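Number of protein chains: 2
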Amino acid sequence: MIDVRMRGFRDRAEVAAVERLIDDRLQPLPAESIALTMAAGRVLAGDVIAAVAVPGFDRAAMDGYAVRGHETFGADPYSPLEFAIVGQALPGRPFAGAVGAVGAGQAVRIMTGAPLPDGADAVVQAEAAAEVEGGAKVRITEPVPPGRHVGKRGEDIEPGSPLLPAGRRLRPQDLGVLASVGASPVAVRRQPSVAIVVTGDELLACGSKPAGFRIVDSNSVMLAALAARDGAAATRVHMVPDRYDAVRQALQDAAEDVILVSGGSSVGQEDHAPRVLRELGELCIHGVALRPASPTGLGFLGPRPVFLLPGNPVSCLCAYDLFGGRAVRRLGGRPAALPYPTQVLPLARKIASLAGRVDYVRVRIAGGQVEPLAISGASILSSTTRADGFVIVPAELEGYPEGASVLVYLYDG
Amino acid sequence: MIDVRMRGFRDRAEVAAVERLIDDRLQPLPAESIALTMAAGRVLAGDVIAAVAVPGFDRAAMDGYAVRGHETFGADPYSPLEFAIVGQALPGRPFAGAVGAVGAGQAVRIMTGAPLPDGADAVVQAEAAAEVEGGAKVRITEPVPPGRHVGKRGEDIEPGSPLLPAGRRLRPQDLGVLASVGASPVAVRRQPSVAIVVTGDELLACGSKPAGFRIVDSNSVMLAALAARDGAAATRVHMVPDRYDAVRQALQDAAEDVILVSGGSSVGQEDHAPRVLRELGELCIHGVALRPASPTGLGFLGPRPVFLLPGNPVSCLCAYDLFGGRAVRRLGGRPAALPYPTQVLPLARKIASLAGRVDYVRVRIAGGQVEPLAISGASILSSTTRADGFVIVPAELEGYPEGASVLVYLYDG
Chain A
0 MIDVRMRGFR
10 DRAEVAAVER
20 LIDDRLQPLP
30 AESIALTMAA
40 GRVLAGDVIA
50 AVAVPGFDRA
60 AMDGYAVRGH
70 ETFGADPYSP
80 LEFAIVGQAL
90 PGRPFAGAVG
100 AVGAGQAVRI
110 MTGAPLPDGA
120 DAVVQAEAAA
130 EVEGGAKVRI
140 TEPVPPGRHV
150 GKRGEDIEPG
160 SPLLPAGRRL
170 RPQDLGVLAS
180 VGASPVAVRR
190 QPSVAIVVTG
200 DELLACGSKP
210 AGFRIVDSNS
220 VMLAALAARD
230 GAAATRVHMV
240 PDRYDAVRQA
250 LQDAAEDVIL
260 VSGGSSVGQE
270 DHAPRVLREL
280 GELCIHGVAL
290 RPASPTGLGF
300 LGPRPVFLLP
310 GNPVSCLCAY
320 DLFGGRAVRR
330 LGGRPAALPY
340 PTQVLPLARK
350 IASLAGRVDY
360 VRVRIAGGQV
370 EPLAISGASI
380 LSSTTRADGF
390 VIVPAELEGY
400 PEGASVLVYL
410 YDG
Chain B
0 MIDVRMRGFR
10 DRAEVAAVER
20 LIDDRLQPLP
30 AESIALTMAA
40 GRVLAGDVIA
50 AVAVPGFDRA
60 AMDGYAVRGH
70 ETFGADPYSP
80 LEFAIVGQAL
90 PGRPFAGAVG
100 AVGAGQAVRI
110 MTGAPLPDGA
120 DAVVQAEAAA
130 EVEGGAKVRI
140 TEPVPPGRHV
150 GKRGEDIEPG
160 SPLLPAGRRL
170 RPQDLGVLAS
180 VGASPVAVRR
190 QPSVAIVVTG
200 DELLACGSKP
210 AGFRIVDSNS
220 VMLAALAARD
230 GAAATRVHMV
240 PDRYDAVRQA
250 LQDAAEDVIL
260 VSGGSSVGQE
270 DHAPRVLREL
280 GELCIHGVAL
290 RPASPTGLGF
300 LGPRPVFLLP
310 GNPVSCLCAY
320 DLFGGRAVRR
330 LGGRPAALPY
340 PTQVLPLARK
350 IASLAGRVDY
360 VRVRIAGGQV
370 EPLAISGASI
380 LSSTTRADGF
390 VIVPAELEGY
400 PEGASVLVYL
410 YDG
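Keeping their order, the protein sequence lines are chains A and B. For what it's worth, numbering that gives the first Met the number 0 labels the leading residue of the first sequence as 0, then goes sequentially. For what it's worth, numbering that gives the first Met the number 0 labels the leading residue of the second sequence as 0, then goes sequentially.
These are computed hints drawn from the structure, not numbers from a lab. This one's a predicted model, so the numbers in the text were calculated from it and none came from an experiment. Treat the hints loosely; a few may be bogus.
One copy or two, it doesn't matter: identical chains are merged, so the pair holds either way.
[Said to hold, decoys possible] Using 30 Å as the maximum straight-line C-alpha spacing, the simulated DSS-like pairs for lysine-lysine come out as follows:
#: 1; residue 1: 151; residue 2: 136
#: 2; residue 1: 136; residue 2: 208
#: 3; residue 1: 208; residue 2: 349
#: 4; residue 1: 136; residue 2: 349
#: 5; residue 1: 151; residue 2: 208
#: 6; residue 1: 349; residue 2: 151
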């Protein structure tokens with residue numbers, strides 16, 4: 000590859016080719032074993048099979064009285080049936096009567112979740128029963144067939160049954176299910192670490208006030224939040240001056256799974272990152288047929304991807320979401336696709352584009368229609384805060400006519 | 000309010016009444032000031048107005064050469080125009096020529112983001128220029144009208160303009176915009192802290208293996224993940240035995256903004272939480288016309304809400320999402336509504352319900368249709384891992400017929 004500095008990009012790679020390169024070169028990271036209490040949102044590394052039944056025993060599904068169901072037939076509010084209360088069963092504290100089982104005409108006071116006593120096969124709920132004679136007996140006003148209000152052993156989970164598949168992003172209730180079968184620790188994909196290398200002599204650190212001809216770095220805080228959204232473990236921000244040796248040192252020092260370089264990626268004389276990457280590893284892509292992120296590069300340091308993201312904040316957002324984020328998501332075992340909710344809506348005004356180039360068009364949604372934002376400048380980050388989302392115009396189209404149904408990616412979930 | 004233990008609920012509160020009570024009693028927590036680097040996903044406490052212009056000066060939008068635009072008219076590849084290179088402008092390092100301005104026939108080598116030198120009003124991009132005579136001159140092959148490839152002062156953000164409204168949940172790019180105007184620290188809503196009090200003698204801590212008649216607590220790990228999703232700051236899990244004094248002590252000790260009690264909330268003799276809450280504060284609701292979460296309670300300790308959630312895990316999930324989560328979301332300044340993406344789809348099979356009761360029905364989506372899951376037991380947590388989401392049947396309906404269009408809340412975002 001030749002040096003493109005100050006000469007412009009000759010051939011720009013197609014967006015689809017960059018995506019293929021990412022997918023081909025990157026596989027999900029190895030598994031690690033973590034406590035279930037830390038596993039919300041993590042990605043299962045393997046299928047989980049239930050080792051035990053849940054529940055492990057027949058149990059009451061209601062508060063009430065455990066009885067032999069057929070003995071309750073005929074009970075109603077006008078002719079209640081009486082049973083002798085011979086004990087009680089509480090969760091974790093089963094009934095332990097003298098004979099160990101519920102006999103004819105007997106009932107055991109039982110709480111939801113308590114083991115069903117031997118002999119009993121149904122539960123009369125508290126609402127259909129009233130204790131009398133100081134709790135010695137209970138009057139039942141509703142019949143319950145055998146099995147009623149009883150949770151059978153294994154009714155939730157059968158031992159040996161597949162519980163959750165590899166690749167599952169763990170929902171809150173998944174954690175509950177895994178806890179109930181004792182599946183902690185759990186094997187999940189390791190989360191990729193991300194280095195964010197920000198170049199630019201003009202940049203002040205996030206948190207500073209802009210002053211004179213110096214501006215505040217806005218990309219690192221945005222990239223850190225995007226990477227965290229995509230499942231990155233830790234992000235480290237490293238600000239370096241626009242000097243060849245500083246950029247080289249920063250890339251040599253970066254031990255992270257993914258390296259995002261913001262700025263210095265284009266063809267200007269201060270754009271050292273492409274040269275450094277070519278020297279230290281591979282520069283596979285430099286220049287992408289993508290508006291507004293054409294000065295994007297992708298290479299590798301050994302197996303680890305390095306993304307050269309444009310310094311312009313909108314381009315940076317676009318290039319991260321399409322490429323850098325794809326790598327973070329893929330390494331962490333998440334779906335590679337853009338992690339935004341989508342909606343199909345009609346276009347209020349046409350979108351013009353060039354064939355052969357993918358366009359990332361910020362849009363607003365008003366009155367159920369999609370309005371492209373007039374401001375297309377790559378430096379206008381506020382356009383992405385005013386926008387509700389974006390539309391991707393594929394390379395094979397020259398835009399979309401007014402009224403066309405388009406897929407909108409919504410910034411807010 | 001009377002003691003309902005072992006007598007069942009007389010009147011169950013309507014779901015809408017519980018929601019109204021939450022909305023009436025709870026207001027967003029006060030603001031706190033945090034560093035922008037910590038603010039992803041946080042909720043803005045007030046409107047943010049830009050204090051400065053972004054950019055703060057006219058700057059190059061491309062790498063290339065700053066010139067007087069009208070002097071380039073007529074340039075084309077066959078008759079390029081030559082300009083004398085009199086210096087360069089880099090980001091943060093403006094052009095400082097002897098006369099301080101770009102004169103007739105002169106050009107300044109300029110990088111994207113560099114301040115536009117005085118005298119110049121346009122930038123010729125690098126691709127339309129070639130340096131000659133060892134960099135003393137540049138040949139320009141494309142005309143640029145004044146203003147071309149120049150980012151004007153304030154073109155992204157005008158000083159005094161409203162940037163982001165109060166209540167905004169900060170997107171990654173919002174952080175970038177706030178960084179660029181130097182708005183760090185930023186005032187956001189304090190995140191509510193949440194205590195999770197789990198009662199049950201039969202329960203083993205999450206991470207244990209189920210053994211004998213003891214089962215593993217699955218609600219606390221689920222509730223902690225749900226609360227974190229809804230913006231809770233920290234959650235603390237406290238497991239207590241089914242004893243009046245232990246439950247009382249746990250509620251007295253809980254200093255958190257929201258208290259979730261899992262289990263012991265119903266009308267069984269071991270259900271101490273309602274009585275304790277009535278004694279220590281207020282028990283406003285006990286029993287809700289909601290399936291499968293009817294044994295739900297809501298009260299307050301001073302201003303702090305206490306939710307009595309059923310121990311059955313599906314009921315617990317349902318009651319948290321509708322009520323407990325609503326409180327967490329509201330206190331943190333988020334929208335009170337359920338935080339799931341939704342889709343309207345036709346029902347593959349009818350859903351039966353009772354008028355006067357809200358039903359939470361787990362469903363799968365197959366072939367673009369909504370299939371209610373046959374298993375309706377409140378204890379079958381695995382039904383919520385097999386389900387794609389749920390449908391809420393409002394109190395005024397007796398279910399939905401086959402083919403009806405229903406709103407599905409999707410568990411996965």
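Evaluated hints:
Proximity of residue 151 to residue 136 under the C-alpha cut-off of 30 Å is restricted to the intra-copy arrangement: shortest distance 27 Å within a copy versus 88 Å between copies. Proximity of residue 136 to residue 208 under the C-alpha cut-off of 30 Å is found in neither arrangement, the shortest distances being 78 Å within a copy and 38 Å between copies. Proximity of residue 208 to residue 349 under the C-alpha cut-off of 30 Å is found in neither arrangement, the shortest distances being 39 Å within a copy and 60 Å between copies. For the homomeric pair residue 136 and residue 349, neither the shortest alpha-carbon distance inside one copy (79 Å) nor that between copies (42 Å) is at most 30 Å.
Taking identical chains as interchangeable, the C-alpha atoms of residue 151 and residue 208 lie at most 30 Å apart only when they sit on different chains, with a minimum of 19 Å there against 65 Å within one chain. Taking the shortest alpha-carbon separations for residue 349 and residue 151, only the inter-copy value of 27 Å comes in at or below 30 Å, while the best intra-copy value is 61 Å.
The structure fails hints 2, 3 and 4 (numbered hints given earlier, in ascending order).
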